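Chemist: Got two chains here, separate frames each, mind docking them using the hints?
So you can see what is in the structure, the chains are spelled out below.
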Amino acid sequence: MPFQAKHDFLVESSHDELSRQNYVQRLRMHILNQIGGGMRAVYDKRVKPQFEKSQGRAPKDEYEVHVAMLSDNYGQVWSTMMRSCQEMVWDSVIPAVERAQPKLNERIRGLNARYGTLTLDPSVKVPRYVSATDIHLMPGNYHTERTADDASQGALYDRGRFVYNGGAAGPYADAIPRTIATYIRRKWPDFKPAQALELGCTIGSSTIPFVDGFPECEVHAADVAAPVVRYGHARAEALGKRVHFHQMNAESLKFADGTFDLVYSIIMFHETSTKAYRNILKECHRVLRPGGLMIHMELPPVGDMDPFEAFYLDWDAYYNNEPYYLKYTHEDIRACVTNAGFGNDKFFQVLIPDLARSPQAFEAVVGGEVIKKTQVARVGESAKWFTYGAWK
Amino acid sequence: MSEPQIKLPRQSKGKRPYFFDDPAIDQMMTFLVELTAEVSVVYDRLDTVERLLETKGTISRADIEAYRPSDAIESERVARRDGYLKRVFRMHPPQATYGKGGTTAKPAPAKKKRRRRRRQRSAASG
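As they're listed, the protein sequences go chains H and L.
The numbering used here applies: residue 1 is where the first sequence begins, and numbers increase by one.
The numbering used here applies: residue 1 is where the second sequence begins, and numbers increase by one.
Isolated chain L (complex conformation) (with noise of 0.2 angstroms):
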């Protein structure tokens, strides 16, 4: 007799860390990261039926559920994910300190102009 399915829990004890300040970019680096294997995956299964299908004219679900590939294939693939992965998680450089961004650039007085008759606009309707 066969026993039960039972559900493995997929989290494990204890409070979760944060290492920003607002939470909400660790979850955004989660949802991230987690797409990432996404993506990945689709991919994998595109380069196993692009495979299957140069061996075989037509080719079913089952097929591509049951490929697995060889070493030298996983090896590829390995090399494919590792450049995949530099080209996704480019890391800025470290420097000694960071860059001020775009806020060090004098705002072009046409903008101002702009922001200033829109502030005058929306005092006057307002």
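So that you can see chain H by itself, here it is in the shape it has in the complex (with noise of 0.2 angstroms):
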């Protein structure tokens, strides 16, 4: 269904401001399954066979698909309609937050915490790889400010996300955080977490799952830019959840070491810089008690899929305002995991089929089964997540 779950901070969207929301989630989820979905056959048909008749060989990688692909119409025509159904997706939910944020930013500021805590640390200095670009092409990203205390890039974030998902992540859009959280609680039954932090929470909805998944564990959330765990804690605190929101950076987190027995991120590395990827892992490394999980859900790595599906996979990284995703993506994660510090021994990945859109593939991978071939991961298209970490 496309309803989102409701909260006291949701933004109110008028009538057809609704309406254009609602036709836009639908506008995305067809640009990208049925018009998307016609790309694996223009390539097949027209654009491989064109290219190895005039080339001789077949495209050797994604940038030569990516070019061929993106001289064909059709890849034009998808390509622009994804582009400007991107732009209409905050499009169709800023005027809603434009009207919304004097008042929301006064009652975020009153608010009388009943379960967790906010803490913000004005010194901490938002990174180039945050600050450069419009991750997503959100006006504003994570981080602007436009007056005291302000949170409506969260309040922007939490609505606009929501359209873009096209509700397919459940009505609270934590159908990710949901299944990782299950698989480490039926994977491993007698992990008992009491203190878990999770980098990159930005309005804490994959905080929360974890809160649900453990209720014994005491839960942190960091994150860099303040707008977002300022609205994040009216959030949790609105759905009666107790998580402890910090503003810090996860590349040098105030936390002392050994403080965690779980340190997760839900697809977070991708929007960072390469050498911020390195920080970070060594961060969980340190912040990690001896025994303890650092598990990370982000995009596959392309390393070994077709040109055509790490073409159509990196689309995002060119297009989508996403420069340090094309990077992300050719890392050698094991080798980067090892480098921070843990054992090689230690170290896992693995695909988990979503928990609410197939429970039964979910319960095979838990009782051991593995899913050999990586599948290209854009929200809308598939519902199995690659997940990768180590125990310390």
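Calculated directly from the structure, the hints in this document are not laboratory data.
Computed from a prediction, not measured in an experiment: that's the story for all the values here.
Hints may contain errors.
To be verified - Once the Cα atoms are required to be at most 20 angstroms apart in a straight line, the calculated DMTMM-like pairs of lysine to aspartate or glutamate come out as: (1) L:K15 with H:D91; (2) L:K7 with H:D91; (3) L:K15 with H:E322; (4) H:K187 with H:D354.
Modeler: Have a look at this one:
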């Protein structure tokens, strides 16, 4: 269903704004599934044979496929629609956020927290990989503040991301973290974390499933951008969930060595730089207790993908303002994890089927079944989440 | 005391990419896609009016603004939007090569004659 779960801080849209947002959801799904679904056939039937005819060989990598596909009319139509639609996602929500902003900030400032805490640190410098570009074309990105105690980017992200997902991630937009939290609980039933930390938590919708999944655990969540943790704190309080939010850079956490049993992130690294990726992994190792678990859900590496799939997955890096995505999906993740201090034998990676969409396949993977094929995992197309990590 | 209203930016940072050789086509596609959204909004508004009129004799603008579809009605709207999207964005089927369109057909002789006559006329007048 296209409905987002309501809470006290979700912005109110008018009759026509809601209608527009609901249309954009379906439009995006149509472009992804119906039009995007034809891309492979266009490649196989037209683009690849034409390339072979002129070059005497098949395209050797995703870059050659990229150029060839975007020289084809079908690829051009799909691309221009993807881009316009992504702009429309935010455009359909911005007026409602703009209207709500003064009152919303006031209400969040005056919030009487009953469950968790919010610790802001004005000395945190927003890193260049966040400030340089508006990721996913969201005007203002995660961090922009236009007035004191501004939380509006959090409000925009909350509603806008739901429109982007088309409701595919459930009413709380938390299908992925819910899947990962349940996987940890089911796969390792003896693992009982007392303290957990999420990195790059934004508005905390990926934190709450861990609060629900590990009721005995004290759950902390960190993000470098003040507006999103401010909003996330208000959202968690409105939903009655105990989360401790921190404005903190994951590259230099303010926690002591060995503080946590569990450190995790949900689709964060591809929005950070190559250098930051390495720094963050080292910090994960440092703040974990011996025997602790580090786990990250991310885009699958493109290393073993066929050139067409790699091109299709990497499209967003070029045209959806995700400049670090490309470097990230080409990383040797095992090497990076072991270089951060984790033992090579402690590394694992697993493709986890979505808990809500394919519960049987999820159970099979918990039971040890291995899904070999790495599939294209743009939201709305796939329901298998690439996850990796290591035990300390 | 209430805070002043702040204007939020509508555009993201960075250069906007174009996919066609002529950026005007990308621009037209944006117009077109945006227009489909507006048609859908008008359709929903009409649907709201029709549904309200089914239960009330007269309705006001405020009734329309206050109306929120139930899950069941929204599901109907989703199905209608999906059908609409399929009809409007009907992609030409993927095929080995593009057809040559009308240019493969030989122009009708009558047309040729007319064209020649027109050229002669314009030469005479020029």
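Chemist: Below or equal to 20 angstroms on CA atoms is what counts here, so check K15 of chain L against D91 of chain H.
Modeler: 17 angstroms, holds
Chemist: Are K15 of chain L and E322 of chain H close enough, with their CA atoms no more than 20 angstroms apart?
Modeler: Given that 20 angstroms is the threshold and the Cα spacing comes to 13 angstroms, the pair holds.
Chemist: Would you check the hint for K187 of chain H and D354 of chain H, treating anything up to 20 angstroms between C-alpha atoms as holding?
Modeler: Status holds; Cα separation ~15 angstroms.
Chemist: Between K7 of chain L and D91 of chain H, does the CA-CA distance stay at or below 20 angstroms?
Modeler: Between K7 of chain L and D91 of chain H the Cα gap is close to 13 angstroms, so the pair holds against 20 angstroms.
Consistency with the previously given hints is maintained throughout, with no hint failing.
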